[in-house]
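Q: In the numbering used here, the protein residues as written are 5 to 641.
Incorrect hints may have been included.
With a Cα cut of at most 35 Å, we get these calculated DSBU-like pairs of lysine-lysine [what the hints assert, rightly or not]:
no. : residue 1 : residue 2
1   : Lys52     : Lys264
2   : Lys210    : Lys270
3   : Lys270    : Lys200
4   : Lys136    : Lys210
5   : Lys635    : Lys451
6   : Lys528    : Lys539
7   : Lys539    : Lys592
8   : Lys635    : Lys270
9   : Lys210    : Lys166
10  : Lys539    : Lys588
11  : Lys451    : Lys592
12  : Lys539    : Lys520
13  : Lys200    : Lys284
14  : Lys521    : Lys539
15  : Lys520    : Lys451
16  : Lys636    : Lys581
17  : Lys270    : Lys284
18  : Lys264    : Lys630
19  : Lys521    : Lys264
20  : Lys210    : Lys635
21  : Lys52     : Lys163
22  : Lys210    : Lys163
23  : Lys520    : Lys210
24  : Lys270    : Lys636
25  : Lys451    : Lys539
What follows is a list of derived Cβ distance ranges for each label pair [to be verified]:
no. : residue 1 : residue 2 : range
26  : Ser74     : Asn153    : 19 to 25 Å
27  : Ala223    : Lys163    : 24 to 30 Å
28  : Glu534    : Gln313    : 35 to 41 Å
Because the hints were derived from the structure by calculation, they are not lab data.
Computed from a predicted structure; not experimentally measured.
Heads up, the beta-carbon is just placed ideally off N, CA and C, and yes, glycines get one too.
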Amino acid sequence: MPNIEILDQQTIDKIAAGEVIERPSSVVKELVENAIDARASAITVEIKEGGISFIRITDNGCGIEADQVSLAFLRHSTSKIRNVEDLLTVSSLGFRGEALSSIAAVSQVELITKTSSALSGTRYVIEGGTEKSSEEIGAPEGTTFLVRNLFYNTPARRKFLKTPQTEAGYIGDLLERLALSHPEISFKLIVNNQPKLHTSGNSNLKEVIYHIYGRDIAANLIEVQGENEWFSIRGFIGKPLISRGNRNFENYFINGRYIKSSLIAKSIEEAYQSFVMQHKYPFTVLHISINGTYLDVNVHPTKMELRFQNGEEVYQFLSNLLRESINQNELVYQVSLEKEREEKARQEREKKAHLTSSHKAPEPFEVKRLEAVKQAIRKDSPYEPKYEKTKDFVQKPSEIVEEEVTFASQIKLADVATTKIENKETETGEVPEIEQSRKLLDEASRKDHRIIGQLFDTYWLVEFEDHLYIIDQHAAHEKVLYERMLSSLGTKECTSQVIYPPILLTLNMQEESLLKKYMDYFQKFGYEMEHFGGKEYAVTSIPSNLFGVNGQELVIEILDSLADFHGKETPQMITEKIASMSCKGAVKGNQALSRVEIEALIGELLTLENPYHCPHGRPTIISMSKHELEKKFKRIL
């Protein structure tokens, strides 16, 4: 066996850096979070070749004292905490003191920084963890980091990076989430000298959402706000019609930190369970503020995961808040007859208008700092930058010419790039308010509904004001049966129907443990079960109103849900599962109903709090405006 030896410091640093710095976006994340912790109000990120060869991050934060600069690059040196107890109340995004050391170990780093009290700034150069130079320099308040040639001394890591375009995409995604997490900060992203993102920093979260995701999403948002004694939640969630096929649009931030949490994700998705179809996920941008004593953020190298001390309270409060917010909005799907090519043309116009209108001149602090960086570069320095001059920000890449240019001239060039904002959008990106008509479900409105008739033995047509509403009789009946069952289960104990022969269930250890734990709940809802020997249990009775339902399938489905369940409201979850199975008795499509039957069905549907979706997330009602029909018949242009 080889002898055990202590690794040299350089090897230790490179191994440790690999845990923190995985790719260029990791560098950007750590340095931008440092800028946020430094109370910066404006942050600019510039990258070339996906950040592999060039990253420059400029902020107007508080800067670093001259005598602290070299210390900042030592491992585990930080200004954020002083002892282990501070981890319980940490409010900053960074706190381990590993980022600068890790970045410097695998790249060539140049730092220019100045505090408000200092007469001059400091320029510090470090390569591969070795200090190269440190000197005074004239600079404005704030910090600029220049990171070149990432992983130049660890080629094994570098070869695992993706293409520059892909790496730039990761950085763009990161900057978008940081902008959403801090709408009070102005963020700018420049990729290969082309501006890609610019937010105003005016604290308007909806405006940031508009800049990043566009008109269609910004026009279909529901504002959310709530708090209790432990935490507060604010932000926006999307209406079900803009749900997506993956969780990439679920954005949630804990104390300003973007994280991934299965608990939060499941809470959000439970709130939307009756509003979106299976395998569809909601759009959310939620800011959750929690006292640091209830969190453990020191559980992952990237700080993307955390633990909640009061996770069940967070789960239930968030889920209930979102569900209530959704129910307060009318969610009838609007059907548009606009031609596909016209829609694509409109989206292209919006894209161009947004791209050009976001190309603003560098902020004053950026001009000063970049001039300082330029003055700091020595002729023999390997860090001499070359700025790409452009005639216009929207020109073709082939027209770009490499040459040095003053930033004053860049300001003039940026001023040229202006355009009209189409579709009555404001230059700040504010989203026009949507005019609200009288709601279909208002008590006073119901007497004005007019049932026109049935279409294809499946859909019923209802006229109200200037809209045609189309109701799916199967989805509508499913919803009515579901709500009836919920009401029945919630107000009294269920009666049972004996089944013979009994259903035999073979359970694994986890399922058996869950069944024993929640047996009282199963009995309350009408189930009778007994141990049959070994791993088998016999189901001798099921709820009497579950006609035609596979009792074995339902029990297993409930046990599977209990295994993933985080909250305390177990009876509610079991109730919802049983109620959802009652939908199997709903009237089907291609089945003619009498006018009396459909009037009763529609009348009961429209009294529900949420009549817009069946329990499985399919829409029950869609609408088409008179305006859209008249456009189709060319009565209006």
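Q: Compare the structure with the hints numbered earlier in the document and write down the numbers of the violated ones, lowest to highest.
A: 4, 7, 8, 15, 16, 18, 22, 23, 24, 25 and 27
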